[in-house]
Amino acid sequence: MTGLEPLGIHFFLHPAIGFLVLAVVLAFLNNNHYQKWRWLLLLPPVMAIVAVVALTMSNSGPRDLATLSYLGQTLHVGRVDTLSLVFAHVFAIQSLIAFIYALHVPDRAQHMAACLYVAGAFGSVFAGDYLTLFIFWELMSIGSVFLVWLRGTSASTAAGFRYILFHIFGGLFLLAGLILRHAALGTFAFTAVAPESARYFDYLILVGFLVNAAFVPLHAWLPDAYPEATITGAVFMSAFTTKTAVYVLARGFAGFELLAIGGCVMCLYGVFYATIENNARRILSYHIVSQVGYMVCGIGIGTAMTMDGAVAHAYAHILYKGLLFMGVGCLLYSTGTAKLTELGGLASRLPLVMIGYMVGAVSISGMPLFNGFVSKTMTIAGAAESHHTWLALAMELAAVGTFLSVGIKLPYFAFWAKPKNDMPLRPIPWNMYLGMGISSLLCLFIGLFPGSLYKLLPFPVEYTPYTPWHLLQSSLLLGFTGLGFYLMRRIIPPHPSRNLDFDFLYRAIGRGFVKLVSVPTAAVDNIWGEVYARIGLRGLLSFGRGTNFFDGKVIDGVLDGTARAVREDGGATVARAQTGRIQDYLAAAVAMGLLVFVILWLVK
Amino acid sequence: MQEPKLLGSWLETAREKAGTFKILLYVVLAALVVLNFFIVPHEPEFASEKLPGFWALFALIGAVVMVVVLKKVVYPILAQPEENTNDRP
Chain Z
1 MTGLEPLGIH
11 FFLHPAIGFL
21 VLAVVLAFLN
31 NNHYQKWRWL
41 LLLPPVMAIV
51 AVVALTMSNS
61 GPRDLATLSY
71 LGQTLHVGRV
81 DTLSLVFAHV
91 FAIQSLIAFI
101 YALHVPDRAQ
111 HMAACLYVAG
121 AFGSVFAGDY
131 LTLFIFWELM
141 SIGSVFLVWL
151 RGTSASTAAG
161 FRYILFHIFG
171 GLFLLAGLIL
181 RHAALGTFAF
191 TAVAPESARY
201 FDYLILVGFL
211 VNAAFVPLHA
221 WLPDAYPEAT
231 ITGAVFMSAF
241 TTKTAVYVLA
251 RGFAGFELLA
261 IGGCVMCLYG
271 VFYATIENNA
281 RRILSYHIVS
291 QVGYMVCGIG
301 IGTAMTMDGA
311 VAHAYAHILY
321 KGLLFMGVGC
331 LLYSTGTAKL
341 TELGGLASRL
351 PLVMIGYMVG
361 AVSISGMPLF
371 NGFVSKTMTI
381 AGAAESHHTW
391 LALAMELAAV
401 GTFLSVGIKL
411 PYFAFWAKPK
421 NDMPLRPIPW
431 NMYLGMGISS
441 LLCLFIGLFP
451 GSLYKLLPFP
461 VEYTPYTPWH
471 LLQSSLLLGF
481 TGLGFYLMRR
491 IIPPHPSRNL
501 DFDFLYRAIG
511 RGFVKLVSVP
521 TAAVDNIWGE
531 VYARIGLRGL
541 LSFGRGTNFF
551 DGKVIDGVLD
561 GTARAVREDG
571 GATVARAQTG
581 RIQDYLAAAV
591 AMGLLVFVIL
601 WLVK
Chain E
605 MQEPKLLGSW
615 LETAREKAGT
625 FKILLYVVLA
635 ALVVLNFFIV
645 PHEPEFASEK
655 LPGFWALFAL
665 IGAVVMVVVL
675 KKVVYPILAQ
685 PEENTNDRP
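Residue numbers (the working numbering), protein chains in the order written: chain Z, 1 to 604; chain E, 605 to 693.
No lab work stands behind these hints, which were simulated from the structure alone. Where hints are given, some of them may not hold.
As the list claims (entries may be wrong) - Under the rule of at most 30 Å between Cα atoms (straight-line distance), these lysine-lysine pairs were calculated in the DSS-like manner:
{"id": "1", "chain 1": "E", "residue 1": "K675", "chain 2": "Z", "residue 2": "K418"}
{"id": "2", "chain 1": "Z", "residue 1": "K420", "chain 2": "E", "residue 2": "K626"}
{"id": "3", "chain 1": "E", "residue 1": "K609", "chain 2": "E", "residue 2": "K626"}
{"id": "4", "chain 1": "E", "residue 1": "K621", "chain 2": "Z", "residue 2": "K418"}
{"id": "5", "chain 1": "E", "residue 1": "K626", "chain 2": "Z", "residue 2": "K339"}
{"id": "6", "chain 1": "Z", "residue 1": "K418", "chain 2": "E", "residue 2": "K626"}
{"id": "7", "chain 1": "E", "residue 1": "K675", "chain 2": "Z", "residue 2": "K420"}
{"id": "8", "chain 1": "E", "residue 1": "K609", "chain 2": "E", "residue 2": "K621"}
{"id": "9", "chain 1": "E", "residue 1": "K609", "chain 2": "Z", "residue 2": "K420"}
{"id": "10", "chain 1": "Z", "residue 1": "K339", "chain 2": "E", "residue 2": "K676"}
{"id": "11", "chain 1": "Z", "residue 1": "K420", "chain 2": "E", "residue 2": "K621"}
{"id": "12", "chain 1": "Z", "residue 1": "K418", "chain 2": "Z", "residue 2": "K339"}
{"id": "13", "chain 1": "E", "residue 1": "K626", "chain 2": "E", "residue 2": "K654"}
{"id": "14", "chain 1": "Z", "residue 1": "K339", "chain 2": "Z", "residue 2": "K420"}
{"id": "15", "chain 1": "Z", "residue 1": "K339", "chain 2": "E", "residue 2": "K675"}
{"id": "16", "chain 1": "E", "residue 1": "K676", "chain 2": "E", "residue 2": "K626"}
{"id": "17", "chain 1": "Z", "residue 1": "K339", "chain 2": "E", "residue 2": "K609"}
{"id": "18", "chain 1": "Z", "residue 1": "K339", "chain 2": "E", "residue 2": "K621"}
{"id": "19", "chain 1": "E", "residue 1": "K626", "chain 2": "E", "residue 2": "K675"}
{"id": "20", "chain 1": "Z", "residue 1": "K418", "chain 2": "E", "residue 2": "K676"}
{"id": "21", "chain 1": "E", "residue 1": "K609", "chain 2": "Z", "residue 2": "K418"}
Model, not experiment: these values are computed from the prediction.
Only chain Z is shown next, with the shape it has when bound in the complex:
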């Protein structure tokens, strides 16, 4: 690769291209033949892995490998450096795992949504300017919302709307920030901002990023929507949205004190909510908030070691969180529920699912030998080393809470707790096991050979995870958390409920807005009706007599002709296209938007 680069950009295969092409191809395929075309799903991830590994091996500093001219702007779609490569590396691997896990899904729409979503994530990671970033950022939002909607339940429809509204809200902050920034600085270049020189537009951009990072209190879309997504969709979503946000924060906003403290709040907030949650996928969602908190905190502290810790933790997190969602997804697929109160006693009937889940659980808890241990301890040690003792202690407490909920509570009530469960189980397809198997091996491999991950990190740092003290400290923390669970076993059992979080605030605001619009509108309408009845009606009646003549002779003739044409030529198509569902119209708008985008580019 190194030798080819002087020749130009032609050898840079953007990992998003394969996914975008596949999304278009899928549009022309039939769900009935999915057994044949499903193998195509593995092609873009493999291409992405090859492309990213080739770029990693030719590691020759920061490069700008591809640009597009668009509407008089230059879009930098190929900014490649160690920071973007480490994220692209794990994105490529996880996209392969997630598509393997989703191979049995006979619904091209879900795969199209996943393709657009993953393409958006790759595009964001390689974006060198804010405009490019914004385009891919929005593509990610739109791809992912369909992974929620396509579950097809009333809960998923409602959660999907809240999800997309909130992401549009965040996207507008980003858009406003980047435009105002351009007006002030005359550039879209996406570069790091020093905390002391940040201006109002930088903070607008930061808010846009923080929405996707699930920064408390902008986080509630995550535990609201992820548990309602399709089984395979949640596996995708757990990997890309928040981690792309971590990437852009690391790129643009390292060293912001707000992030250091806010990250710690996220760590604890997610853990606290997970402790009282009953839905297994919502527990895992709250633990995304918590785990991303470690990364945001590391970025906020901003030393080389905490930055590396944050990036390493993002890498590890994508693998083990995907694994956890796959495990719970298998439970949901097989039993039809993810509620702990309805599960239990399944260990002997689903032993492989339990083992896969437990590998993810001990990884997220930071148990030695698994990948969470080599990344989490790095962030905490970095925080302690830079004398942020309280932040380090808060992260240790969050680690206790993580093992308590994800490591013990969830598996205990899902797999043990009750005597052997006789509920009917739907057989789980082989590919779901394969996805979990690959993830499990990777979690273990990185835990055993941390150098394989550390060598990808952006900053040169000396850190040895496997020292006697680190091993002992982790064992003490995990072991005595276990004892704490045992002592609290009568208090901790989950109850069926939905716990108040900030999404209730959004819903209240939404309902208030509808009232704000509908009440005055109704009042104005009443007054207008009155005025119309008293004054307008008489004049209109005489005018009406005149138009009646015109209507009868001219308009009817035209309308009858149109009606006949619709009935005979395109009526069925028109009727099918007009489903009355906003989701469908959004999809159509996106398709048309992409089409316009392509046409404009080609015409240029």
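Fit chain E to the known structure of chain Z by using the hints.
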């Protein structure tokens, strides 16, 4: 795909021996605290970290307090009936 029956029945047997695992847990925990007298942090960040058993107590108290406060105090305030998840049918 079929889950392995042998592994399942082995886990069922293991469950019946939960008492043995409990004793094993106590032994391991005790051993860890004993080890803590000999293995100390390289660079303690604060004085109490040097005390043997500090992190054991930190985890135990942290877990117990977290569960009691969250389940007994916070949960009753936040819990809503599940059917409210869909605001409208």
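Cross-check of the supplied hints:
1. K675(E) - K418(Z): 21 Å, holds
2. K420(Z) - K626(E): The hint holds at about 20 Å.
3. K609(E) - K626(E): With a Cα-Cα distance of about 25 Å, the restraint between K609(E) and K626(E) holds, given a limit of 30 Å.
4. K621(E) - K418(Z): 15 Å, holds
5. K626(E) - K339(Z): 27 Å, holds
6. K418(Z) - K626(E): 18 Å, holds
7. K675(E) - K420(Z): 27 Å, holds
8. K609(E) - K621(E): Holds, at roughly 19 Å.
9. K609(E) - K420(Z): 14 Å, holds
10. K339(Z) - K676(E): 21 Å, holds
11. K420(Z) - K621(E): Measuring from Cα to Cα gives roughly 15 Å; hence the hint holds.
12. K418(Z) - K339(Z): 14 Å, holds
13. K626(E) - K654(E): 29 Å, holds
14. K339(Z) - K420(Z): 17 Å, holds
15. K339(Z) - K675(E): Distance ~17 Å between K339(Z) and K675(E) Cα, so the pair holds.
16. K676(E) - K626(E): Holds, at about 26 Å.
17. K339(Z) - K609(E): 25 Å, holds
18. K339(Z) - K621(E): 27 Å, holds
19. K626(E) - K675(E): Satisfied, since the Cα-Cα distance of roughly 25 Å is no more than 30 Å.
20. K418(Z) - K676(E): Holds, at roughly 23 Å.
21. K609(E) - K418(Z): Distance ~19 Å between K609(E) and K418(Z) Cα, so the pair holds.
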